[in-house]
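Asks: Residue numbers (my numbering): 10 to 132.
Hints may contain errors.
[What the hints assert, rightly or not] With a straight-line cut-off of 20 Å between C-alpha atoms, the simulated DMTMM-like cross-links for lysine to aspartate or glutamate are:
#, residue 1, residue 2
1, Lys63, Asp48
2, Lys129, Glu19
3, Lys101, Glu60
4, Lys65, Asp80
5, Lys129, Glu79
6, Lys129, Asp70
7, Lys129, Asp110
8, Lys101, Asp50
9, Lys101, Asp24
10, Lys18, Asp50
11, Lys65, Asp33
12, Lys47, Asp80
13, Lys63, Asp33
14, Lys101, Asp33
15, Lys75, Asp110
16, Lys63, Glu79
17, Lys65, Glu79
18, Lys101, Asp14
19, Lys75, Asp50
20, Lys18, Asp110
21, Lys63, Asp80
22, Lys65, Asp48
23, Lys129, Asp50
24, Lys129, Glu60
25, Lys47, Asp110
26, Lys129, Asp14
27, Lys101, Glu79
28, Lys47, Asp70
Just so you know, the hints here were simulated from the structure itself, not pulled from any lab data.
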Amino acid sequence: MAGMDISLKEMMQIDGTIGAAIVDYGSGMALGTLGGSKDLDLQVAAAGNTEVVKAKLRTMDSLGLKDGIEDILITLGSQYHIIRPISGRGGKGLFLYLALDRGRSNLAMARHQLRGIEEKLEV
């Protein structure tokens with residue numbers, strides 16, 4: 010099992026990572042962040058992506074879908090943003106957020122590595 014600091018460091022080691030956060034989508038607050046830049050404020054991203062997760066959960070509920078979100082991918086011209094709700098018992102209400110430079114990352118590998126980090130995370 011890995012704590013939040015170790016998980017954030019592992020997220021930053023994924024090729025092409027710009028920034029990483031662990032977010033409470035009940036409050037929209039980032040519990041921990043690493044990386045970011047003047048163009049990527051991870052606190053603002055945490056709050057904004059909380060709305061994305063809540064909207065998707067509402068939509069799934071309205072449709073009667075009894076499934077869970079594995080991840081949400083947002084593709085920009087120069088970046089990938091991955092939102093991965095934590096499914097473990099201790100992570101209810103949290104998600105991992107990873108911003109990647111599209112030219113320096115492998116999306117499939119990043120998703121695979123993020124899944125492994127989530128599985129080891131103990132909050």
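Asks: List in ascending order the numbers of the hints, as given earlier, that are violated by the structure.
Replies: 1, 6, 7, 8, 9, 12, 15, 19, 22, 23, 24 and 28
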